Structure formats: structure tokens, C-alpha cells
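**Student:** Please take these sequences and the hints and turn them into a complete structure.
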Amino acid sequence: MHRLVIGVGVQTITGILAAALKLPRDSGVVISDILPGSPAEISGLKLNDVVLAVDGRPVDNLPMFMMGFLQRREGEDVHLQVLRGVQTVSFDVSAVEERHTTDRLVSLVDPEKNQIPQLGIIGVGIDQQTERMFPNLRGSYGVVVGARSDTPSGITTGLQTGDVIHEFNGSVTPTVEALRSVIARSKRGDPVALFVEREGKLLYVAF
2 MHRLVIGVGV QTITGILAAA LKLPRDSGVV ISDILPGSPA EISGLKLNDV
52 VLAVDGRPVD NLPMFMMGFL QRREGEDVHL QVLRGVQTVS FDVSAVEERH
102 TTDRLVSLVD PEKNQIPQLG IIGVGIDQQT ERMFPNLRGS YGVVVGARSD
152 TPSGITTGLQ TGDVIHEFNG SVTPTVEALR SVIARSKRGD PVALFVEREG
202 KLLYVAF
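Counted from 1, the sequence shown has number 23 at position 22 by our numbering; the numbering is strictly sequential.
Derived from the structure by calculation, the hints contain no laboratory data.
Some hints could be false.
[Unchecked claim] Derived DSS-like pairs (lysine-lysine); straight-line CA-CA distance at most 30 Å: (1) K23 to K114; (2) K114 to K188; (3) K23 to K47; (4) K188 to K202.
All figures in this text were calculated on a predicted structure; none of them were measured in a lab.
**Tutor:** Have a look at this one:
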């Protein structure tokens with residue numbers, strides 16, 4: 002079952018949060034994140050909007066907000082009523098299917114431009130777009146494994162989709178081009194140790 006979303010992050014309003022941000026209410030749910038290019042951004046929702054209702058149903062907490070997205074079809078509008086300052090504003094926002102990080106990575110991949118056949122991967126450089134997919138990266142550089150393919154030599158590298166390659170045999174690889182350059186300087190059959198970040202953990206992948 003796929004979850005429908007509109008591209009916002011919300012959190013519970015506390016008394017301290019309301020006072021610090023000068024929110025119009027000291028309880029309920031506030032919009033704390035809006036994804037660039039999302040239906041929420043396109044519709045005009047803004048940070049610090051306080052959600053009053055979803056499809057006419059009052060929203061007093063996070064579960065009540067999430068309930069508004071159940072049993073919906075993709076593309077169906079969600080009617081949101083928010084409090085912006087002292088003004089009540091209404092929006093119709095189109096719900097879309099939530100895409101996992103690996104799915105979003107695939108959409109960034111150009112097989113011809115990003116292929117690194119020696120490692121059997123299609124790599125994506127770290128930029129603002131990929132950083133948003135991996136907000137907790139321990140290094141702000143590297144090459145993300147966007148997809149895997151067979152290596153010409155049939156070697157199994159052990160790399161996984163979503164891995165971030167930071168180094169190749171001790172050489173830093175900040176971009177796809179840099180990784181290709183380091184690989185080109187190595188000899189076929191040489192041992193390889195990749196310094197990789199996987200789900201927040203650093204490890205070596207050797208083959």
C-alpha cells in the first residue's frame with residue numbers, strides 16, 4: 002500500500018514553540034517543512050502555517066492530520082484550512098504517491114552520462130537535490146549509487162543502491178568525474194577498497 006502525501010513536514014505545536022515563533026495558537030499542528038516543487042509549495046502553503054482542518058475535519062494533533070490522507074486516490078485534491086497570522090486561508094492541494102529515496106534517485110539518473118561500468122553502478126553526484134534525499138549525510142560530498150548493473154568482469158562489488166562512495170583506495174571522490182578519474186588510474190585486477198556511507202554508517206567495501 003502506497004501512502005499519499007502533499008510534500009509537507011508537520012509537527013506538534015508546543016507552548017515554547019508557539020511563543021518563540023509567535024504562532025497564533027499554542028496547540029495543534031504547524032507546517033515546519035515544504036519540499037521544493039511539491040504540491041504544497043505549488044498551492045501556496047507556507048512555513049509556520051497552522052493547520053486548522055483537512056477536508057473540513059478539525060486537526061488538533063498529528064494523527065488527525067495523517068487521517069486526512071487515508072483512502073484517497075493519487076491526484077485527488079485535499080482541502081486544507083490553515084491559520085496564517087490572524088488570517089484563515091484555504092488551499093486545495095493535489096495528493097501524490099510518496100516516493101522512496103531509491104525511487105527518486107532513479108529519476109535523476111542518466112544511464113549514459115552517469116554509468117561507471119568498472120563498479121557496475123550508475124552514479125549520482127551530491128548536490129542540493131540529492132542532499133535533500135539524504136539529509137543526515139556525514140560527508141557532504143561523494144557519489145551516490147543510483148542504480149546497479151553488471152560489471153564487465155563479472156566481479157561482485159557488494160555496493161547497494163543508496164550507498165555513498167566517499168573514497169576509492171584512499172582517494173577522495175567528490176564527483177562522478179573524480180571517481181572515474183581515480184578508477185582510470187588504477188590497473189585492472191588491483192584490489193579495491195571503497196570508503197562508503199550506508200544508512201548513516203561508514204564502512205569499507207573491498208573486492
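**Student:** Now, for every hint given, state plainly whether the structure supports it.
**Tutor:** Here's how the hints hold up against the structure:
Among the hinted pairs, K23 with K114 is inconsistent with the structure: their alpha-carbon atoms are about 48 Å apart, more than 30 Å. Between K114 and K188, the direct Cα distance comes to roughly 23 Å. Compliance with the 30 Å bound is thereby established for this hinted pair. Taken as a hint, the K23 and K47 pair is honoured in the structure, with Cα atoms around 15 Å apart against an allowance of 30 Å. Proximity of K188 to K202 is assessed by CA-CA distance (about 29 Å); at most 30 Å being required, the pair is judged to hold.
Hint violations for this structure: number 1 only, all remaining hints satisfied.
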